[in-house]
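Make the full structure from the sequences, and use the hints.
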Amino acid sequence: MKRIYFDHAATTPTDKTIANTMLEYMTTKFGNPSSVHSFGREVRKEVSEARENIAALINANANEIFFTSGGSESDNFALKGIAFANKNKGNHIITTQIEHHAILHTCQWLEKQGFEVTYLPVDEDGMISLDELKAAITDKTILISIMFANNEVGTIEPIKEIGAIAKEHGIYFHTDAVQAVANVEIDVQDMNIDLLSLSGHKFYGPKGIGAIYIRRGVKIQAVQLGGAQERNMRAGTENVPAIVGLGMSAVIAKRDFVEKNAHLVALRDKLIKGIQEQIPDIKLNGHPTKRLPGNVNFSFRYIEGESLLLSLDMKGIAASSGSACTSGSLDPSHVLLAMGLIHEIAHGSLRISLGRDNTEEDIAYTLEVLPQIIARLRSMSPLCAENSLGVTAKECKTCYKK
Amino acid sequence: MSTNEYTEKVMDHFSNPRNVGEIADANGVGEVGNAKCGDIMKIYLKVEDNVIKDVKFKTFGCGAAIATSSMVTELVMGKSLDEALEITNQAVAEALGGLPPVKMHCSNLAADAMHEAIKDYMSKQNK
Ligand SMILES: Cc1ncc(COP(=O)(O)O)c(C=O)c1O
Ligand code: FES
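Protein chains in written order, with the numbering used here: chain Y, 7 to 408; chain B, 1308 to 1434.
Hints in this document: simulated from the structure, not taken from any laboratory.
Derived pair list, reagent style DSS-like, types lysine-lysine, alpha-carbon separation capped at 30 Å:
id, chain 1, residue 1, chain 2, residue 2
1, Y, 118, Y, 86
2, Y, 321, B, 1363
3, B, 1316, Y, 321
4, Y, 266, Y, 166
5, B, 1316, Y, 8
What follows is the structure in structure tokens.
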């Protein structure tokens, strides 16, 4: 059976050219960049080239880019590094309720260390309010950390406006751009971004490599201590093959930006329109227009996400869901709940995240099988009024609040 | 994802569930649910002479929830009420060749819903 990969927000396949090049940096050009000899020199050059290519993608300077093991580490570094380096100035951090757990759990940990965190709410499209952001700022605020684009629903936050507010108040602004890099135009100068997290495996680079951009002059403290790598900001022998791969993925992202994203937007809008036309009782999650080019997220009433994913998987389609049953916890996606969805509807969510190799045929096939799957699951659902004999399901005492 | 731990039997009951639907003249209906976790199960029984002549289910839930519902209907079909009341959650899970640990509560629901339906039938008889 043909398999269709629709989970690019989870991870992307590593570009073949990149993977092949990386092999060379494990076998022949395997030197340690800190070494004085020629083996070290030949890779040192490649590492700095990769740094320049990452910088170019977000309009930063190469000396403002530090390699990390990925998005989670960059997020941890930004929050902990800023918090502890600036605790004499204040102990207050502002973030949002819809961040990735790499931010949320780090913030919760910082709260235990005596920092105070404001988690801004979002509206039903997943958008923060600039007024609420302004109102949350106190003279103790040292950092605003707001994601560039949400990984589940694809909503793109008003980053430039947030940057302007942060600048006006002299507060550092960090953005988790793991989902946005390569998919949205990013200019750290124009947008007044002080720190930015990115991750290789979300844009056709290797897994376990990422970077953090730290604007020159930002007061931050290293989190991982040890050797003098990354100018004392992040200890550990450089993961040269992955760094080279990350640099290449930045070059490809820049080169293909317009074409790739036009392709994704066309597929995305076709899929959204097709689903809306063919399937009743649904809700598009996320902002209707300010959304990632490859993100489609719907809630289908009366059905549960995991059974939907299993059904799609049996048809060769790989997607994801915000349902609790897929997360191993009892609660559905914190993002969907923050957007005001009731549990029942949050459980029935489906995220399709498109990538550059998806085709019109993939969309057509999905529009053929998805309505059938939804109809089948709904025919089994006690919540679906249409199919019931007039007995409507009892309201749940525990959580159908709204 | 925990779903790839599903046994073949679970996947079989999920993809070809037995006895889906409703019974128009059911004389016992049981519903249990925990919307917070995302499952609601409804079991319909047609009982004659203390024997389950027909049983159907409707379920909102994950793969395990659907499979356990299907399995419980298969286990009780044609059984006496006493026999059916002896079927435990554990038995349903075992009949499916086991469930991933995080899914054990889904199996709790299937037997419970069936027991609720029998109770409903009995309370109607006592009137
Ligand atoms: C918004 C966001 N932040 C952070 C991460 C974590 O990135 P990584 O997997 O590279 O640690 C992810 C990916 O899951 C993400 O989507
Ligand atoms: S329905 Fe929630 S885990 Fe099964």
